[in-house]
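Colleague: Chains as they are written, first to last, in numbering that gives the first Met the number 0: chain A, 0 to 327; chain B, 0 to 690.
It is possible that some hints are incorrect.
Claimed, not checked - DSSO-like, lysine-lysine: derived pairs with alpha carbons at most 27 Å apart:
#1 B:469 - B:385
#2 A:233 - B:354
#3 B:469 - B:506
#4 A:233 - A:213
#5 A:213 - B:345
#6 B:141 - A:150
#7 B:623 - A:193
#8 B:332 - B:321
#9 B:59 - B:78
#10 B:92 - B:141
#11 B:506 - A:213
#12 A:233 - A:268
Stated by the list, open to error - Chain B side only, calculated, beta carbon under 10 Å to chain A, not exhaustive:
#13 15
#14 16
#15 325
#16 367
Hints in this document: simulated from the structure, not taken from any laboratory.
Even for Gly, the Cβ is constructed at its ideal location relative to N, Cα and C.
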Amino acid sequence: MTFQELILALERFWADHGCVVGQPYNSEVGAGTFNPHTFLRAIGPEPWNVAYVEPSRRPTDGRYGDNPNRLQQFHQYQVILKPSPIDIQDLYLESLRAIGTDPLHHDIRFVEDDWESPTLGAWGLGWQVWLDGLEISQFTYFQQCGGIDCKPISGELTYGLERIAMYLQDVDDVYDLVYSRSGAGTVYYGDLFKRAEWEWSTYNFERADVPLHKRLFDDCEAQCMRMLGLRAEKGKGGSLAWEPWADPEQNADAPLQRLVLPAYDCVIKCSHYFNVLDARGAISVTERQRYIGRVRHLARACAEAWYAQREALGFPLLRPASAADRAS
Amino acid sequence: MPDFLLEIGVEELPSSFVRSGLRSMEAAARRLLTQHRLEAEVGVAGTARRLALQLRGLPKAQPPREETLQGPPWAAAFKDGEPTRAALGFAKKHGVSVGALERVTTPKGDYVSVHIREEGRPTGAVLGELLAELCGRITFPKTMRWGEGEFAFGRPVHWIVALLDDAVVPFEFAGVASDRQTRGHRFLAPESFPLADAGDYASALASAHVVVATDARRARMLELLTRAAEELGGVLAEDPFLVEECVSLVEEPFVVPGSFEPGFLELPDEVVVSVMRDHQRYFAVRSSDGALLPRYLNVVNTAADPERIAKGNDRVLRARLKDAQFFVAEDLKVVEASGFAPWRGKLDSVVFQRKLGTVGAKVQRIQSLAREFAPQVGVDPADAEKAADLCKADLESLIVFEFPELQGTMGRFYAERVGVEAPVAAAIEEHYQPAGAQDEVPPSALGALLGVADRVDTLVGCFLIGQQPKGNADPFGLRRAALGIVRIAFEGAIDVDLEGWVRASAKQYGALAEGKEEALTALREFFDARLRVWLKDRYPRDLVDACISAWRTEAGGRSLRDLRDRIVALERLRDTAHYGPLAVAFKRAHNITKEVQGGPVDPALLLEPAERELARVFAEVQPKVDERTEAGDYAGALQLVAERLRDPIDTFFEGVFVMVDDARLRDNRLSLLKGIADCVNRIVHFHLLQA
């Protein structure tokens, strides 16, 4: 099974199981969780089922294309099922069969692994899934997102596509993965990404402009606050307060006037700039906590604003399934 | 005698959740059964996917309850023949009409009473009402919600079996109704199937590939592991932690052996074991002479295709070992070129705690403390200084960044590689010991010295900035640090005078410690509390109190070894026949002379033979006892006291009346007893012992 067949098989499987087939987000994210399809949609009462590939960037994991297992950009396959169905584990195992892995012939285990994203103010409980000792997926029941308690609970399945493909294709080096094979020839993972790994590793570790990234972080933070109508509260350790126009208590229309999506894009950018600065070794341990705290404050504000906006819109996805839905 | 089974089917619980779930389930069952007048043999069993409670030998019904209860005084309950609120309330509380209240006459007056006779209800009905509460009392380290988010449990609940013999006991918990449908092994017997009878539980599950009793599962797993290790020509490396982890990870254990390239054995054993154990939960295999074999044992849940499973696991392990090998090689490049200096330098920019400065600053404080106390514990100050300087450097190594549990171990390894003298290198590793309750204390005085310096520095610093443990929160592990110091002094190579250390450490903190006497007092109290907790887990409470009290008064509560020696001496005495009588006699001597000034004994006033004998023996023994006490030989002192004083003091109290009217005689006898009480009180405060 080629890398792209693996993706196609998962797309087909989850589409057949009621998921919207989403798309990767067009901004640099560290994980599929950052995609608004997950972070924002996990908040509030509306049901939501989505599946998508997410190219995920982890600048510090770069190895210049030299390491057979580590990449600064890898691919997650992300599934959100909200509310989490009671048979979610069975669905997951069925999806493994759909990619040609019969659990009976392997050792599959659900190993405790609680998940927390300090920048997103999100955490959940769940497992790593091991296939013959290899961690192939993360399985999480979101308990909190953007500091807001989840209800209903989203079940998040995250497949590590490179690892699974390496297992299926029985190769020891990620760059030897067959990405696609057709009459036009065979394309390897290395053809697509080996040079990219070297360039981005060099950029992240050596050449990225530190003052520029610090400035970009500051600018995006300010922009995020403007879009939401936020200002920093004096003397409260970086906590944020609404401007009068954005404060629902002073302006009933505030929830719909705040620009949540552009603001949230800024959160994604800030998080990424922070990761680059971190890889560049430009952040001391004390600064680190402060940066993370700044992103978290913004993420929480976006989460709150998102909830208020969806509420003001009457939680549109709560509408009952129509007769036509049921007939299909 | 009916049997009952409750099984809660869940998604995979972590092993610590299985343990706490079963423990709390059993405790809740015992409490609720007692409350509801049901007696039974209580047992629990479980795996990651199920928690089960088994009650054997239940009665068919509760025994009837029959009792007479007394209520308010009659006069308060009935005024002019009419029931008052007191009477109505009492009747209501016990579910009877006012007409059922009777008048009883007691020595204290007339009271209302009621005779209650309640028939026992059938066991099934009682269980049906208490099961939901029982399930609600099961606790886990963390709970979670799922689906609509209405219920919380360790993991989502899928099914509940509640059977009283062959009948379902209906109730509902977490949105699931009880039934007789259970499930077998997730992969080997996934279909749900009915249980006919509570008594069939273990055997029915066994045929569905689930060994439900934890002990049986552990025994089978260990048997498989031992045999597999033998087949590989080695022995299983014992690992109780890993056994408990694995026993909860599988429902039916299988063992699949695997291997790695022998070249990886050039890595330190600890690295290989750490990679296998902490990351992959594999058991190591050693040859009969203790050397690691390039093999491992993997406990798995299904083993239809062991070769495929081994191949996959080998690949994962190889990648991880390769990573480790790479990190060690990179680290060696650094130390072989420039020693520990580059890492040590970096510590100056790593924050230990915002207000307490960098790790580099901490290392300097440890160094000063170690140098200062080295002579007291027979360590060369130059060695102490050197070891302290190196002790945290490996935190900057790549391998420790990836495998934090190898801190210290890798420091020792790299130090040896660059020719640091063996004792100094060993101290780098030892100073983290004891890392937990199961771990040993540092074997060498140098390691112990560093260990105490590091821990005292953390304790004093955290208390100075108000970071003492609160409730369950102990982010700096201060309880463990305090315990480590106690254990090093009690079991290890050096004595600890905590007060001296605290003062020296506070001085290191300079301005931060100024005017913070209160914080240091809080630390002393904290340490004292940890000391008592630790001691009381090991020795009887009164013995601990008697020794601590004497230690404080006589030795200023300074040397921890002094306390240990008192405790050990008293413990030894406790095992002899002298203990009870001596404790009684010394307690009496102490109590009777508490208010007495005391003074020289006048031999002319000793009339009775028993008091003459006691005075004679005591005069002879006292200097020797004092001498031994003085020298800290408490065991010797107590031995002398026991052997020589026991008979005379017993005979004295049997035959001599102390509190006679003649003041001169009385005071003389009190002086004699006072002298004896003072002498033994210097060793142990006998009056605090429960005779």
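Colleague: For every hint, state whether the structure bears it out.
Modeller: Each hint, compared with the structure:
1. B:469 - B:385: The hint is violated at about 36 Å.
2. A:233 - B:354: With Cα atoms ~23 Å apart, residue 233 (chain A) and residue 354 (chain B) stay inside 27 Å; holds.
3. B:469 - B:506: 25 Å, holds
4. A:233 - A:213: 22 Å, holds
5. A:213 - B:345: 23 Å, holds
6. B:141 - A:150: Answer holds: residue 141 (chain B) to residue 150 (chain A) is near 18 Å, not above 27 Å.
7. B:623 - A:193: Roughly 85 Å between the alpha carbons, so the hint for residue 623 (chain B) and residue 193 (chain A) is violated.
8. B:332 - B:321: 17 Å, holds
9. B:59 - B:78: Roughly 45 Å between the alpha carbons, so the hint for residue 59 (chain B) and residue 78 (chain B) is violated.
10. B:92 - B:141: 38 Å, violated
11. B:506 - A:213: Violated: residue 506 (chain B) and residue 213 (chain A) sit about 40 Å apart, past 27 Å.
12. A:233 - A:268: Holds. Residue 233 (chain A) to residue 268 (chain A) sits at ~25 Å (cutoff 27 Å).
13. 15: Hint on residue 15 (chain B): holds, closest Cβ of chain A at ~8 Å, below 10 Å.
14. 16: The hint holds - residue 16 (chain B) has a Cβ within 10 Å of chain A, the shortest such distance being about 8 Å.
15. 325: Given a least distance of 8 Å, the restraint on residue 325 (chain B) holds.
16. 367: Status violated, d = 24 Å.
Checked against the numbered hints given earlier, this structure breaks hints 1, 7, 9, 10, 11, 16; the rest are met.
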